[in-house]
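Student: Chains as they are written, first to last, in my numbering: chain X, 94 to 563; chain R, 94 to 563; chain C, 94 to 563; chain H, 94 to 563.
Don't read these hints as lab results, they were simulated from the structure. Model, not experiment: these values are computed from the prediction. Everything hinted at is true.
Which copy is meant is left open, so a pair is good if it fits within one copy or across any two.
Here are the simulated SDA-like pairs of lysine to any residue, each with C-alpha atoms no more than 25 Å apart in a straight line:
hint, residue 1, residue 2
1, K280, P303
2, K166, E194
3, K180, S129
4, K352, H329
5, K229, E174
6, K229, P302
7, K165, T195
8, K180, Q211
9, K280, D304
10, K350, E382
11, K439, R449
12, K350, D155
There are 4 protein chains.
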Amino acid sequence: MRGTIFSDLLASITERGRAVLGLPQRETQGADGQTSIVDLCERLLSGRGEASGTALARAVLDAYDHLNEAGKKDFFLMLAESFGSDKSALLEAVDRWTQEETTERATELHYRSEPRRQELLRRLNYAAGGTAALVKMRETLLGHLPSHPALRAVDRDFVHLFSSWFNRGFLVLRRIDWTSPAIVLEKIIRYEAVHQILGWDDLRRRLDPPDRRCYAFFHPALLDEPLIFVEIALCHEVPSAIQPLLAHDRTGVPAGKAKTAVFYSISNCQQGLSGVSFGNFLIKQVVEELRRDLPGIKTFATLSPVPGFVRWMRTVAMAGMSAQDRAGVAFLDDPQWWTEPCLVAKTRPPLERLARQYFLDARLPDGRPVDPVARFHLGNGARLERINWIGDISPKGIQESAGLMVNYLYDLDWIEANHEAYANNGEIVASPEVRSPFSPDSPGNTLPGRSSRRGNAPKRISPPVGTRSK
Amino acid sequence: MRGTIFSDLLASITERGRAVLGLPQRETQGADGQTSIVDLCERLLSGRGEASGTALARAVLDAYDHLNEAGKKDFFLMLAESFGSDKSALLEAVDRWTQEETTERATELHYRSEPRRQELLRRLNYAAGGTAALVKMRETLLGHLPSHPALRAVDRDFVHLFSSWFNRGFLVLRRIDWTSPAIVLEKIIRYEAVHQILGWDDLRRRLDPPDRRCYAFFHPALLDEPLIFVEIALCHEVPSAIQPLLAHDRTGVPAGKAKTAVFYSISNCQQGLSGVSFGNFLIKQVVEELRRDLPGIKTFATLSPVPGFVRWMRTVAMAGMSAQDRAGVAFLDDPQWWTEPCLVAKTRPPLERLARQYFLDARLPDGRPVDPVARFHLGNGARLERINWIGDISPKGIQESAGLMVNYLYDLDWIEANHEAYANNGEIVASPEVRSPFSPDSPGNTLPGRSSRRGNAPKRISPPVGTRSK
Amino acid sequence: MRGTIFSDLLASITERGRAVLGLPQRETQGADGQTSIVDLCERLLSGRGEASGTALARAVLDAYDHLNEAGKKDFFLMLAESFGSDKSALLEAVDRWTQEETTERATELHYRSEPRRQELLRRLNYAAGGTAALVKMRETLLGHLPSHPALRAVDRDFVHLFSSWFNRGFLVLRRIDWTSPAIVLEKIIRYEAVHQILGWDDLRRRLDPPDRRCYAFFHPALLDEPLIFVEIALCHEVPSAIQPLLAHDRTGVPAGKAKTAVFYSISNCQQGLSGVSFGNFLIKQVVEELRRDLPGIKTFATLSPVPGFVRWMRTVAMAGMSAQDRAGVAFLDDPQWWTEPCLVAKTRPPLERLARQYFLDARLPDGRPVDPVARFHLGNGARLERINWIGDISPKGIQESAGLMVNYLYDLDWIEANHEAYANNGEIVASPEVRSPFSPDSPGNTLPGRSSRRGNAPKRISPPVGTRSK
Amino acid sequence: MRGTIFSDLLASITERGRAVLGLPQRETQGADGQTSIVDLCERLLSGRGEASGTALARAVLDAYDHLNEAGKKDFFLMLAESFGSDKSALLEAVDRWTQEETTERATELHYRSEPRRQELLRRLNYAAGGTAALVKMRETLLGHLPSHPALRAVDRDFVHLFSSWFNRGFLVLRRIDWTSPAIVLEKIIRYEAVHQILGWDDLRRRLDPPDRRCYAFFHPALLDEPLIFVEIALCHEVPSAIQPLLAHDRTGVPAGKAKTAVFYSISNCQQGLSGVSFGNFLIKQVVEELRRDLPGIKTFATLSPVPGFVRWMRTVAMAGMSAQDRAGVAFLDDPQWWTEPCLVAKTRPPLERLARQYFLDARLPDGRPVDPVARFHLGNGARLERINWIGDISPKGIQESAGLMVNYLYDLDWIEANHEAYANNGEIVASPEVRSPFSPDSPGNTLPGRSSRRGNAPKRISPPVGTRSK
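Please construct the entire structure, taking both the sequences and the accompanying hints into account.
Tutor: Structure below.
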């Protein structure tokens with residue numbers, strides 16, 4: 094309810110300011126709808142009175158809102174062309190710096206070269222709801238980027254500003270549960286990107302039972318809008334498959350008896366904030382929260398998809414595949430292969446070999462792992478703990494990951510070292526089991542799956558061993 | 094209480110991070126206490142894991158806290174020298190821009206020339222309580238500026254960052270009253286800069302009666318810390334003197350019957366945020382609040398001191414003063430002059446002439462008015478409404494302002510025009526009465542004071558007339 | 094979330110208390126599960142230490158919870174038999190009063206005769222969640238009342254206590270909207286008793302649009318549990334039918350332009366509180382809320398069902414019905430009669446006559462109106478404003494009300510007088526139109542329906558005319 | 094701030110109701126101010142519309158407020174005379190019960206004999222702020238009780254109602270600290286009854302340091318009004334004197350290292366609630382709070398005054414005193430005796446003997462201990478742990494307690510047994526040391542004081558030994 098009160102308040106201020114400005118909403122746009130936005134932007138930048146600033150900011154945002162898609166694209170192009178750095182100021186500053194290359198003049202050069210967009214965006218934030226409007230604006234901008242490379246400079250300004258405004262020091266962690274406002278919960282349903290939430294009853298099953306948790310980061314200026322959230326299951330052991338974890342008829346675990354917290358879904362909510370990363374902070378702060386609330390929890394791990402695996406296998410890996418593996422992989426063309434024991438038996442050995450290769454050896458041209466989820470968790474300092482055979486039998490899981498799921502382990506005592514090994518040397522930090530040499534006569538053991546789960550008991554986690562990237 | 098919970102939470106995260114880093118608090122400092130802060134800053138910037146980021150930020154802030162005053166100065170100098178722009182990156186960017194002066198390359202130049210301090214300060218904000226620590230840090234920095242001009246570049250980075258972080262869109266207006274937390278109220282007592290609050294009873298007299306209001310801006314990351322606040326008295330008419338307004342035995346006005354809201358004190362709270370202006374936004378938003386809550390209030394004005402008047406009179410004005418005026422002014426040497434009718438009679442005519450000159454003609458070299466309070470309110474679009482004779486008989490009021498007080502009028506319908514007249518043309522927007530030609534035979538009327546208050550009734554406020562500055 | 098914290102807190106206290114008592118949960122019950130509850134109740138009443146009081150209360154409630162339905166019935170019978178008034182104390186008090194019939198001795202007699210259950214129930218409330226448990230307990234009790242008249246005394250004690258505890262001075266009005274916690278909203282879905290809410294999307298349509306409101310009373314000891322709520326539509330005019338009001342594709346009314354607030358559903362939530370009335374207070378307080386928030390709203394009315402009409406018509410009224418009316422009414426046997434113009438034409442005249450009779454003349458043996466909804470609103474001081482032909486075409490509406498709906502008008506200036514006319518004299522306060530004599534040649538006008546809506550415009554509401562009950 | 098909003102809201106409702114009633118405030122009183130209150134009370138009871146109920150309740154409370162002291166007394170006498178039980182209803186009920194002494198008829202008798210005041214008071218609670226007004230009303234009533242015994246029946250009704258309304262299940266525990274609202278804190282200063290708080294700085298010293306705690310019970314209908322609060326010091330050991338505990342320059346204890354929590358002051362805030370006990374619940378719940386927050390705390394004890402000691406000694410004990418003791422006690426006439434070592438040496442032996450006698454043997458006619466503080470703590474199940482010699486050298490401490498202070502120990506494992514021993518058998522549960530036989534040749538040891546504190550270490554607390562009262 095606070096959100097509402099607060100919004101009302103800001104709204105009223107702006108309305109008043111508009112009256113002062115003599116800016117009836119309809120007249121803020123010129124004949125072509127475009128000219129006048131430029132004018133308004135210039136007026137906003139020109140240093141008029143601050144109350145006018147609030148109303149002018151609102152006027153710009155309203156005018157922008159009334160533009161159609163093409164108009165918005167033109168608005169962005171205008172920002173690119175007319176609201177860049179002040180060229181003469183820049184020339185002069187470069188000149189001064191060239192004459193004497195001091196720290197002061199370098200700083201001077203920096204501030205003189207600031208694109209005028211930066212200050213424009215900052216002032217647009219004066220308006221009620223400005224922050225939300227700017228995040229939405231960038232979402233639209235992102236859609237035009239591919240076809241208009243000139244907009245990249247504009248996007249860079251957005252990212253720079255958002256990185257400063259959404260600094261970790263300003264984010265607030267809140268638990269999401271069944272006492273949370275519906276206006277927040279409906280966004281959890283909408284934004285869940287990993288394992289779809291099918292409605293309010295499904296949502297309740299993920300939030301309300303004593304062995305479930307959900308946490309999100311919020312920003313004070315985006316009330317009721319989660320930025321990123323993570324869903325957690327409290328378990329006895331690290332799970333190897335998602336469907337049993339979310340089953341309607343599963344047996345719950347009393348929160349006080351759980352030994353393991355499993356992060357089974359992390360979703361970013363604001364497309365307009367892509368490139369501004371929170372996930373890293375979120376997982377670590379949630380680990381701290383859970384450690385304090387539930388001291389019995391000793392293991393923190395994920396149950397993650399392998400979204401790029403099938404695509405990689407069918408393209409990159411195909412070339413180097415043995416005829417035998419090719420034959421095994423071919424059975425995957427049957428979308429129900431995982432229900433047929435004989436097909437399962439035939440696909441498992443090649444899939445295991447390929448999964449290992451995918452995680453430990455396959456790299457992007459820049460040397461990073463091919464798998465995006467792996468890049469995220471390894472970059473956070475987690476280690477690749479276990480590859481699970483037939484862990485996700487949803488259509489999406491079969492199609493993208495050939496049913497594989499992966500656990501990444503967050504061991505706070507090793508996070509720093511893991512991160513350094515990954516970040517500085519490109520090592521893939523993985524458990525001994527994931528790394529263990531392939532033993533052809535016992536294929537059932539090579540890929541640590543359900544059958545050998547006991548062998549992966551968290552207590553026996555050993556210091557990570559890295560593989561240097563080429 | 095939320096503040097406390099929230100702080101605890103952040104604290105615990107950092108503590109954990111520290112353990113991970115292997116950073117016992119004592120060992121964060123080298124033999125000379127200085128080297129290791131540099132190292133920590135470099136590590137913080139180097140892109141280590143983000144959990145480490147939080148702990149590293151805390152480690153830097155703790156190490157800084159343990160420095161003595163000289164150590165802090167050295168820390169700032171180090172920031173100036175070693176954390177400026179990356180010179181080679183800058184050289185390259187300048188080179189590229191010189192080759193082709195495109196918008197893209199100008200933007201590139203801007204981001205390549207960013208002083209490394211900027212990112213360092215942003216990352217220091219990862220720590221629990223980072224924002225508050227940075228604001229305090231700048232307060233200390235300001236103390237070293239006069240003797241170390243090289244620190245100006247560092248200060249500029251602070252101001253740039255704070256201007257972005259404390260953007261009006263992130264500020265929250267809250268009413269301060271007798272139900273506010275003591276931890277906030279004690280700061281109101283401490284930070285009141287205009288008319289000292291003598292203790293909790295005095296505070297209560299300013300907050301609790303139905304005809305008093307107090308509002309402050311807060312930032313979500315600085316809980317329990319007002320940034321700026323304004324004290325307001327609801328009155329029948331615009332008052333001309335402060336002591337009756339604050340008298341213990343004054344007669345209150347039922348809030349619903351008040352016609353006038355008087356801003357009699359505005360105080361900034363955070364020295365570390367000086368140069369980041371909020372006052373303008375505050376007054377205007379409070380006007381909106383009051384208009385909504387109390388529709389009977391039609392006039393919004395200040396009762397302001399004239400802090401530079403006596404100093405100006407005794408220095409700048411002395412030269413051009415007539416012998417007669419000089420003689421009149423000489424009576425002010427008696428600190429009790431205002432209690433003696435004969436002295437009052439003799440000082441009034443010259444003081445009136447001088448006050449008019451001070452407000453309407455006296456200028457700084459840059460053309461702005463001499464009086465700092467006048468600069469603030471005229472810059473906000475207010476108009477100089479009335480000069481009040483013997484309006485403040487406190488020792489400070491007599492000593493600095495010769496007892497004068499001034500009303501500035503905030504008329505929302507004229508704010509924009511007033512601001513433009515002042516900002517663009519340097520006009521002093523003043524009421525006709527302040528401007529009325531001096532009539533030597535009726536000295537009692539020339540300076541609109543108590544006796545002629547009725548003549549200044551707010552209803553008759555006419556469009557402002559400007560005086561062009563020379 | 095506060096609820097949770099608070100509950101945790103209370104729970105922990107009780108747990109501790111239990112340890113002190115040496116009361117492991119399983120052992121609180123004797124072999125027959127019954128004996129020991131009596132013992133626990135006696136111990137709770139006996140004045141043991143208060144910490145034990147909290148734990149003893151919890152122990153009784155837990156033991157009760159483990160009883161099956163028959164066990165609970167026995168528990169209530171035990172309360173009836175063994176926890177009534179203390180007979181010897183009563184005898185003595187009666188004796189003393191008979192000797193001297195003073196006020197003091199009458200008071201003495203009152204307190205000496207208090208059933209021991211009263212204090213027992215009060216002490217059960219010491220336990221965490223005690224209030225909720227007692228409300229549920231009475232719900233169960235109500236189920237046993239019909240077959241066990243001896244339990245009426247027990248029920249009377251519950252009602253007496255709840256009437257005191259749920260005093261209007263302790264109730265808190267809260268608006269329910271889309272920012273309310275899901276745990277509250279799901280109860281709105283569940284408890285809606287008039288026009289079923291079909292799920293979360295349907296709920297949102299009733300809460301979220303700017304022309305919808307919902308308010309509920311809460312009690313501080315029953316967090317997240319609404320006691321009663323009312324759903325409101327803001328309209329231009331008083332509506333005559335429910336389906337258009339709730340249609341998915343209806344055209345909304347800007348809240349600021351609405352002239353009428355329509356209470357179209359009032360639902361009690363807690364069966365255990367039946368007999369403790371809140372509805373009266375709720376409507377009147379909501380009227381006040383809306384008057385303040387939306388001064389443009391001038392008319393407050395209901396759109397209400399006529400739940401007893403068809404039953405009354407088919408039983409009571411049948412006897413005195415003319416052959417012609419009987420024939421008309423017979424067409425109602427076709428459940429789709431309202432879709433056939435010819436059937437509509439034939440049923441309307443008799444239904445109109447009967448509806449008038451039902452509202453204006455039909456009475457219960459105690460002289461009150463037959464219709465329960467009419468009793469509620471007339472008892473609140475509303476007046477019967479209009480009877481709407483084919484106002485509710487839901488199966489329930491057709492089946493129970495023959496499609497009729499009714500508007501009751503809440504005119505604050507007449508509420509008091511209306512109430513008195515109804516309460517003291519049994520008058521049915523109705524608008525002139527409802528009362529207007531039946532004009533056989535213009536049947537379409539006799540029952541004020543859609544066609545003549547303009548004629549019922551709220552402005553022309555005249556002082557009510559009463560009909561004395563026989 | 095919520096409080097304010099809520100109050101405004103209630104106020105507006107009532108105002109409206111008044112308009113409806115046609116009750117301008119001034120006209121609510123008859124010529125003699127009295128008649129009309131009776132009328133209003135009768136109307137309030139008569140079952141008028143409920144909105145009128147709210148306004149009528151307000152009208153009665155307003156009319157009462159305008160009465161002077163004598164008028165209030167008359168109002169109470171009127172309540173006693175005219176609003177008692179309905180005599181004819183009572184007669185009939187007694188008659189029916191006499192005919193057949195069933196449970197049902199006993200219950201009937203109870204409800205028929207309820208004084209009309211009960212319902213009147215319940216309905217007065219409909220008004221905004223009704224609960225607070227009723228609590229104040231009883232405070233006034235208490236002042237008239239001694240001279241008007243007839244009012245005792247009225248008082249009994251208040252106590253009955255308040256006991257039900259302020260049931261422990263409705264109380265909320267809140268920590269009071271430096272973030273609490275000033276409006277609450279000023280009441281802590283005002284209501285502190287044991288060791289006076291000298292102003293805001295002194296208050297801060299009691300609330301803000303990490304080794305201090307303060308908790309209060311609140312009732313949801315009395316916002317901003319603590320009912321009872323307790324002040325706590327966290328210590329290494331159980332302290333024996335109050336002045337060092339509250340000294341400005343004391344050395345603090347890190348909260349995490351404290352082993353002992355000392356309740357050094359418990360104050361009731363609402364005189365109008367006297368007789369409705371909360372202290373018992375408060376201490377026990379606070380013990381639970383502290384156990385959870387600070388698991389290192391193992392000992393919970395009080396540092397309590399002995400307020401009745403000197404009076405008892407100078408009156409009751411004087412008769413049986415030996416000449417030698419009489420001589421020793423005589424030295425207490427010098428108010429500075431405790432500063433003179435020789436006087437201290439002479440007074441100590443007799444004071445020790447007398448203190449023991451006071452605590453262990455001295456009884457009221459009803460068999461309970463003479464000391465009121467002892468009655469409270471022993472009744473709660475605490476045990477008398479240690480008598481401290483020269484524990485309070487404040488004027489009040491010297492004058493009332495001869496400087497003695499006492500520790501009561503709250504050991505949750507023994508509370509139940511202790512309570513029973515005290516409540517059922519009148520035993521004074523005391524530590525062995527307090528009970529240890531007087532050894533005439535080592536007087537310094539007999540009274541466990543500072544010198545022998547180690548000997549009283551909490552760990553060695555043994556099962557309590559009781560002394561049967563005569």
